[in-house]
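Go ahead and model the full structure; you've got the sequences and the hints to work with.
Which chain is which? The protein sequence lines are X and C, in order.
Using the working numbering, read the first sequence as starting at 121 and increasing by one per residue.
Using the working numbering, read the second sequence as starting at 128 and increasing by one per residue.
Hints listed in this document are in silico derivations from the structure and should not be mistaken for laboratory results.
Note that the structure is a prediction, hence the values are computed from the model and not measured.
For each residue, glycine too, the CB sits at the ideal point set by N, CA and C.
Zero decoy hints are in this set.
Derived contacts from chain C toward chain X, CB cut-off under 8 Å, selection only:
#1 ALA180
#2 THR183
#3 VAL217
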Amino acid sequence: MEYEAVIGLEVHAQVLTDSKMFCGCSADYANAAPNTHVCPVCLGLPGSLPVMNQRAIEMIAMAGLALNCSINHDTFFDRKNYFYVDLPSSYQRSQYDHPISTAGWLDIETSTGTRRIGVTRAHMEEDTGKLTHGGDGSLVDYNRSGVPLMEVVSEPDIRSSEEAKLYCAKMRQLLVWIGVNSGNLDEGAMRFDVNVSVRPRGTTAFGTKIEIKNLNSIRSVERALIYEIERQTKVLASGQTLQQETRGWDEDKGITEPQRSKELAHDYRYFPEPDLPPLAISEDWTTARRAELPELPDARRQRFEREYALSAQDAALLTSERSVAEYFEQAVTAGQGQPAKAIANWITGELFRLLNDSGETIGVVAARLQPAFIGELLGLIKGGTINGPTAKLVFEESFRTGSNPTSIVDAKGWRQISDTSAVRQFAEQAVDANPKVVNDYRAGKTQAIKFLVGQVMKASKGQANPQLAEQALHEVLDA
Amino acid sequence: MALTMEDVRKVALLARLRLDDEELQRMQQQLSSILDYMQVLQEVDVADVPPTAQVTDVVNVMRPDEVRPSLPLEDVLANAPAHEGGYFKVKPVFE
Chain X
121 MEYEAVIGLE VHAQVLTDSK MFCGCSADYA NAAPNTHVCP VCLGLPGSLP VMNQRAIEMI
181 AMAGLALNCS INHDTFFDRK NYFYVDLPSS YQRSQYDHPI STAGWLDIET STGTRRIGVT
241 RAHMEEDTGK LTHGGDGSLV DYNRSGVPLM EVVSEPDIRS SEEAKLYCAK MRQLLVWIGV
301 NSGNLDEGAM RFDVNVSVRP RGTTAFGTKI EIKNLNSIRS VERALIYEIE RQTKVLASGQ
361 TLQQETRGWD EDKGITEPQR SKELAHDYRY FPEPDLPPLA ISEDWTTARR AELPELPDAR
421 RQRFEREYAL SAQDAALLTS ERSVAEYFEQ AVTAGQGQPA KAIANWITGE LFRLLNDSGE
481 TIGVVAARLQ PAFIGELLGL IKGGTINGPT AKLVFEESFR TGSNPTSIVD AKGWRQISDT
541 SAVRQFAEQA VDANPKVVND YRAGKTQAIK FLVGQVMKAS KGQANPQLAE QALHEVLDA
Chain C
128 MALTMEDVRK VALLARLRLD DEELQRMQQQ LSSILDYMQV LQEVDVADVP PTAQVTDVVN
188 VMRPDEVRPS LPLEDVLANA PAHEGGYFKV KPVFE
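In structure tokens form, the structure reads like this:
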């Protein structure tokens, strides 16, 4: 029998505000000494009162809209009660049955086409403190306690580990794109819980659901699912049954293991948070949030294909990050009429390679390698001032120093030698120095001329115009 | 409405209360009678009343996203039974 997986994902994403969700402490927990960004509110001290961060709520609503959700008019916070040392108040302020946004979707591009994954809800909550487990005790830092967090719950629409990976990556791309999340998964800016079951392919009833909590990278999501789907399939195929449970992912061993069941872990006794008045969200407010959203990645990718006649692959690469898309369009605008496709090639080729090597972001590099330089460089190639290989050197020099291509070509003396008599001299030298190759050529191996062109380029330190070099060699050889 | 002993144990566990047998029995009686008393409210017809979580009629209370000073570390840790290197220190927690 063939089995298929049914997967739902919960994505927790920190919201990029300056201050915390309910107090004025800095939300920049990653770069602070322990317990230096805390106050009575985020320490859960008696008598303290939380007040909602307006920007956090706006940003979470923007994320909901970007996920095609409806923003609900009546929404409020609930208390989710449980005892754990990362939660100083013993309840997490979260949302239960009146989340801010519901019923949306996220499209993912799979190898077999676009798949629409339903988004059940996106709600607001607060992050918890951070524990370090040591020898004779655990150490607790509450700097992260109260950092605004959003949770996006998907429908069980995902059917493979590959789709789950694409969904997580798309979520990250979208939330970073709209400025709601940093995308720094290493710092815990996004965490994932997965629910997965398998069932005989072709059936519609759900199998027994297994939850894997607290995966902190997209790679872990994928690996844990590959393992878990195979495990469940084997159990069912052997005629055994599965127990609903929460399992933990062991990154080092590459397996999931049953977690010691936190007894009654799901008895959270939610009730409306009495310390926070509810929200009454107006149509106008929602419209203003929608207006704040930039053109979203899918729309921009499709527009790039249409407007600049780019391939689907180029358009996808250029919209992987918003800053890349901005850079590309600035380069086209300032490109002196150079074709968008050629500009795209320089960005996805040389620029991505250099960014990859230097580990910098395009936002940082744009201050040096200005978008206008790409069109300028293309102009220099087209006008015969430099050849292709030299252009790569110029580009790299621009990338490193921030000088414009023309001044680099002048300063380095890299202008292509298009003076026919100078090129002819190099050609004569090459012919004299390589009698064997010349014989091959004359014997009919016409490809041998490519070697001689190489010799001319070498002798001219790469500056000869290669077309002229070949022409000159023909003249010398065929004379 | 009589609570079972199992219910009382579960509630005690959720509240992290350790009760001995005699206390469990007393709580079973007391909690049951409290629930019985609340039964009175069940007689009220609330079909047209929306669930009420707040009575102030205040909505949309928010603050601008501005960072304000946090507490000095010595105040943060002043009531901590144990701390180490700026961290609160608790009994070992194993996950």
